Structure formats: C-alpha cells, structure tokens
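Novice: Those protein sequences? They're chains A and B, same order as listed. If you're matching positions, the first sequence starts at 1 in my numbering and goes up one per residue. If you're matching positions, the second sequence starts at 181 in my numbering and goes up one per residue.
By construction, these hints were calculated from the structure, which means they are not laboratory data. For clarity, every value in this text was computed on a predicted model and none was experimentally measured. Take these hints with a grain of salt, some might be off.
Unchecked claim - What follows is a list of derived Cβ distance ranges for each label pair:
1) Val113(A) <-> Trp425(B): 55 to 65 angstroms
2) Thr86(A) <-> Gln445(B): 42 to 52 angstroms
3) Lys138(A) <-> Thr183(B): 33 to 43 angstroms
4) Leu140(A) <-> Ser310(B): 25 to 35 angstroms
5) Arg283(B) <-> Ala106(A): 25 to 35 angstroms
6) Glu127(A) <-> Arg198(B): 50 to 60 angstroms
7) Arg197(B) <-> Asn20(A): 58 to 68 angstroms
8) Cys393(B) <-> Thr86(A): 32 to 42 angstroms
9) Gly414(B) <-> Leu140(A): 38 to 48 angstroms
10) Asp114(A) <-> Thr395(B): 30 to 40 angstroms
Unchecked claim - What the simulated footprint calls covered on chain A by chain B, stretch by stretch (three residues with Cβ under 8 angstroms from a Cβ of chain B suffice, anywhere in the stretch; the number is not a length):
11) 4-18
12) 66-80
13) 85-91
14) 124-136
Think of the CB as a built atom: it goes at the ideal place given N, C-alpha and C, for glycine as much as any other residue.
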Amino acid sequence: MKLSYQLATISYCPDLTDPNAVSIPIAVLAVGKASNDAGLWSAGIVGVDAKRMGIDPLSSAMLADVPHMIRRHVDGAMQRLRADATPDAVLREFHESLKTSVHVSAIGAVHEVDVAEPRRLAQVLIEISLSTLEAALKKLGAALPRHGQWTPRVPPERLMTPAPEQLYWQPTGPELGAVA
Amino acid sequence: MTTIAERNREISEAWRRRVELPGRWRRSSSQAGGLLVAGKGEAGGYFVELDAVAGRRAYLKPHKRHGWRRAAREKIASDLAGDLGVTVPPVLLAVNEAPDVERWVCVSLLLYPHQFSWSQIRNFLGENESPIVSELASLMSAPAARAFAFDTWLDQTDHHDHPSNIVFGYEGSDYRTGEFIFLDYAFSLGVSGGWANEGYRACQAAPFPARMCSTLSEPVLEETVQRIEATSEGQIEDVVNRIPWQWLPDAEKQVIVTGLLERRQLVRPALGRYLRSAP
Chain A
1 MKLSYQLATI
11 SYCPDLTDPN
21 AVSIPIAVLA
31 VGKASNDAGL
41 WSAGIVGVDA
51 KRMGIDPLSS
61 AMLADVPHMI
71 RRHVDGAMQR
81 LRADATPDAV
91 LREFHESLKT
101 SVHVSAIGAV
111 HEVDVAEPRR
121 LAQVLIEISL
131 STLEAALKKL
141 GAALPRHGQW
151 TPRVPPERLM
161 TPAPEQLYWQ
171 PTGPELGAVA
Chain B
181 MTTIAERNRE
191 ISEAWRRRVE
201 LPGRWRRSSS
211 QAGGLLVAGK
221 GEAGGYFVEL
231 DAVAGRRAYL
241 KPHKRHGWRR
251 AAREKIASDL
261 AGDLGVTVPP
271 VLLAVNEAPD
281 VERWVCVSLL
291 LYPHQFSWSQ
301 IRNFLGENES
311 PIVSELASLM
321 SAPAARAFAF
331 DTWLDQTDHH
341 DHPSNIVFGY
351 EGSDYRTGEF
361 IFLDYAFSLG
371 VSGGWANEGY
381 RACQAAPFPA
391 RMCSTLSEPV
401 LEETVQRIEA
411 TSEGQIEDVV
421 NRIPWQWLPD
431 AEKQVIVTGL
441 LERRQLVRPA
451 LGRYLRSAP
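Next comes chain A alone, as it looks inside the complex (with noise of 0.2 angstroms):
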C-alpha cells in the first residue's frame, strides 16, 4: 500500500528579538494516511529532550510539553477534521497554533513510500522523522547527543489505527546546546 505523509519541523528559537535570530529543531511531527480502503492515519513524532538544552527553567518546561501538545494536537485534529482531510490541513492547523519561540519552522511537501503492512505505517514515519531530524540539526553543525536511547515519551491515549508512535532522545551524553 501506498503511504502518502508530510512532515513539520517544530524548532525552538533562543532570543526571538534578533534579527539574526537561528532556530533549533526540536522535534519532527509526520502524519501520513495510507491508500488501502481504509485510509488509515497514522503519525510519528521524533524530538529531543530539553532538559538537556542548557536553557532556562520555564523554556525547558515548555519545551518538555511539546510532545504533549503535539499528540493533543493530533488526537483533536483527528477527531475535527473531515474523513477526507490531507496530512496537510493536519500540519497547517498546527502551524497556525504555534507561533512565537517554540514554532513551525517548515513544513514539508507531499511525499509516497511503499508500506507492506498497516503496522508498520507508524514505524516508517518514525524512522522518515529521525533522518529528517537529523537532517536539520546536522545542517546547523549539530547533531543528536551519540550517547543516548530512544524511549517513548508519551503513551498512546486514545485509539488510532494504528497508535501514533512517539519517541523521544534522551541522552545520556554531553548537552545539545554543547554541540549546536
């Protein structure tokens, strides 16, 4: 089957009065819907823990509840949004939602990948949300600490077939603002 996603990158900025102001990834939200009679949803998220960010307590608390706020975003957009809605009106809602240092910082385009079986929709979202991750951080000179593990961070509460997959970096290593 047919797995159609995009992604949104969820980025922190430190001091949003400079002009010359550099944002840090933080997280990788991918919604994606499959093409089988059902039209399973499903989403990944991938972020990374702030409290090893090295920034100020109420920035690492609000940090720290972005998977939350991301999973409730989801879950509600799920539920208010029509049958036939697209992983885009999915990201541009939460974009909308999320301004000011801790915002949207892109939001991908459409893209396919072929999945064998519906458990496995959430997985390749996970793993297409690391590399892009990845991707961002490394494109600052960052990186994600090399010593750590992937855990999930909050568990699913409400159904979707299948659950959305979240996991979170917790490093056991030097600080992201170390390497950034």
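Starting from the structure of chain A, add chain B where the hints point.
Specialist: Here is chain B on its own, set in the frame of chain A:
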C-alpha cells in the same frame, strides 16, 4: 547596562509620540517564530528590521489586502493601551511598496527574547505541578484585569482562548520578571462596520480566556475601569484623529471616536459581575 524591558519602555514612549515609522524597514533574514503561510482569516505578515530600532525585530502586518483598516486599529489600540498601562506592543504605521499586497500597514515591536503562546502557557498552567505554575499564575492576575477591561472598552473579540494572541514574554533566565502581552487588535473598535449605526452601544464583557477570568485582580480591574472612564475626550480624539486618512478614512475615525467616548461609561455595567462595587 540597559535591560530589554527598560529599552522596551523607552521605545514605547517614543512610538507613542509618533504616528508613522521614521526611516526604512526591510524584511528580516530571520523569520523564526512567525507564520510560514497565513491561514484563512489571518491577515499575514512577517518580521522586519527597522532603521529606527537597530538590532531588534518587529512584525509587519497586514500582508493581505482588505478594507478592515487593521493597521490603524493596531495603532489606536497600542496608544490607548500604553496610556492605561495595558501591555500591548508599541506600534507605528508604515507603508509597504510591494505590489499586490496591503500598502497601508503597521509595525509592532517584538518585545522579548522568549515569548510563549497562550496555548502553551494555558496547558502548562492546567496540567503541571511545577512551582513555576503558581508563580506564572500570580503574574497573570493584574495584567489580565487591565486587558479584560481594555478589551471590553475596545470591543476586542479576538482574545477569548485564541492560541497565540496572548503571549508571556521575558528576557534572560528569570521568567519572574516577565509579563503577559496582549496582541492583535485588528478585530476591535467596531471592525467591519460593527460600531456603525450606534452599534457601539452593545457593550458586553469581552471574550477572554476563562483561566484568566478566574484570577482577575479586582482592585486592578476597578482601577482600570476608572482610568477608562477618566480618559478625556481630547485624548481619544488625538489618538484617533492623528491617523492619516490613507490608513483610516475620516468617516470611520468619527465612528471610532464616538464609540470610544460612549463606551467609557458602558464598561462598568458590562463588567458588573467582576467588580465588587458594581451597581
């Protein structure tokens, strides 16, 4: 060394005295924190750098053409807010020479390095047990009371629980010195003919976030209502009538002046249930 908050105050005072932006503006190389694309109902805009304030970003809006005089409304609201101590960014009118977009625009100063949207703050306040929650809540009651009275006076309809028209901003790492900032007054002052034919007489409590309404400071609300009631006719006329006609035609100025004057006495009854001493 001057803090950003101190610099903001200097700029606000200077911009309150002016109407139009002196010098040029140019699109900022960094658009971090803004919209990628303006959605339906959004006016659109982008971050700019100004000759007038080096090293700072401002937001230029609206981008889309329309007849709602959004820029003039932003300037009037910002000037009146400044006089009443309501935290609205300073605004100056500007011209956008680019083709096929709104020509008569404004620039609104971006106030703080860190600004988080109301949607994020609201969820944080509601779902978190961090000690930061109570500190933020205590920072909210006075500015929310001022803005609630102000929004009611101006017939601002776009704050309710809008995800991003209210932000919390601060500099450095001390969020306790931060402030709640109220943005986007394009949908106020009888936009789209709402105040025509004495429509300004319909004065109700402005739609405002329930979380904020639950923690309003009553003394600050009372004080702000008194200050609105005491705002002079001359002050209102000056703020509105100095807007050049290109941004706001004279006929519409008259409606706005009349609406502001008449509504000064309608704010108190509209906010009666929030005011202890209300009749």
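Novice: Please go over all the hints and tell whether each is borne out by the structure.
Specialist: Outcome of the hint check:
1. Roughly 57 angstroms separates the CB atoms of Val113(A) and Trp425(B), a value that falls within the hinted 55 to 65 angstroms.
2. For the pair Thr86(A) and Gln445(B), the beta carbons lie near 51 angstroms from each other, so the given range of 42 to 52 angstroms is met.
3. At roughly 36 angstroms, the beta-carbon separation of Lys138(A) and Thr183(B) lies within the given 33 to 43 angstroms, and the hint holds.
4. Distance hint check for Leu140(A) and Ser310(B): the Cβ-Cβ separation is about 29 angstroms, which falls inside the suggested range of 25 to 35 angstroms.
5. Under the hint 25 to 35 angstroms, the C-beta atoms of Arg283(B) and Ala106(A), about 30 angstroms apart, fit the expected range.
6. Take Glu127(A) and Arg198(B): their Cβ atoms lie about 54 angstroms apart, and the range 50 to 60 angstroms holds.
7. For the pair Arg197(B) and Asn20(A), the beta carbons lie near 29 angstroms from each other, so the given range of 58 to 68 angstroms is not met.
8. Checking the proposed 32 to 42 angstroms range against Cys393(B) and Thr86(A) shows it holds: the Cβ atoms sit about 37 angstroms from each other.
9. Hint check: Gly414(B) to Leu140(A), Cβ distance near 54 angstroms, so the stated range 38 to 48 angstroms is violated.
10. For the pair Asp114(A) and Thr395(B), the supplied restraint of 30 to 40 angstroms is violated, since their beta-carbon distance comes to about 53 angstroms.
11. Counting residues of the segment 4-18 of chain A whose beta carbon lies closer than 8 angstroms to any beta carbon of chain B gives 7, which reaches the threshold of three, so the coverage claim holds.
12. Restraint check on the segment 66-80 of chain A versus chain B: 3 residues with Cβ-Cβ distances below 8 angstroms, three needed, restraint holds.
13. Coverage of the segment 85-91 of chain A by chain B is violated. Counting CB-CB distances below 8 angstroms, 0 residues qualify, and the rule asks for three or more.
14. Here's how the segment 124-136 of chain A fares: 0 of its residues keep a CB closer than 8 angstroms to some CB of chain B, so the rule of at least three is not met and the hint is violated.
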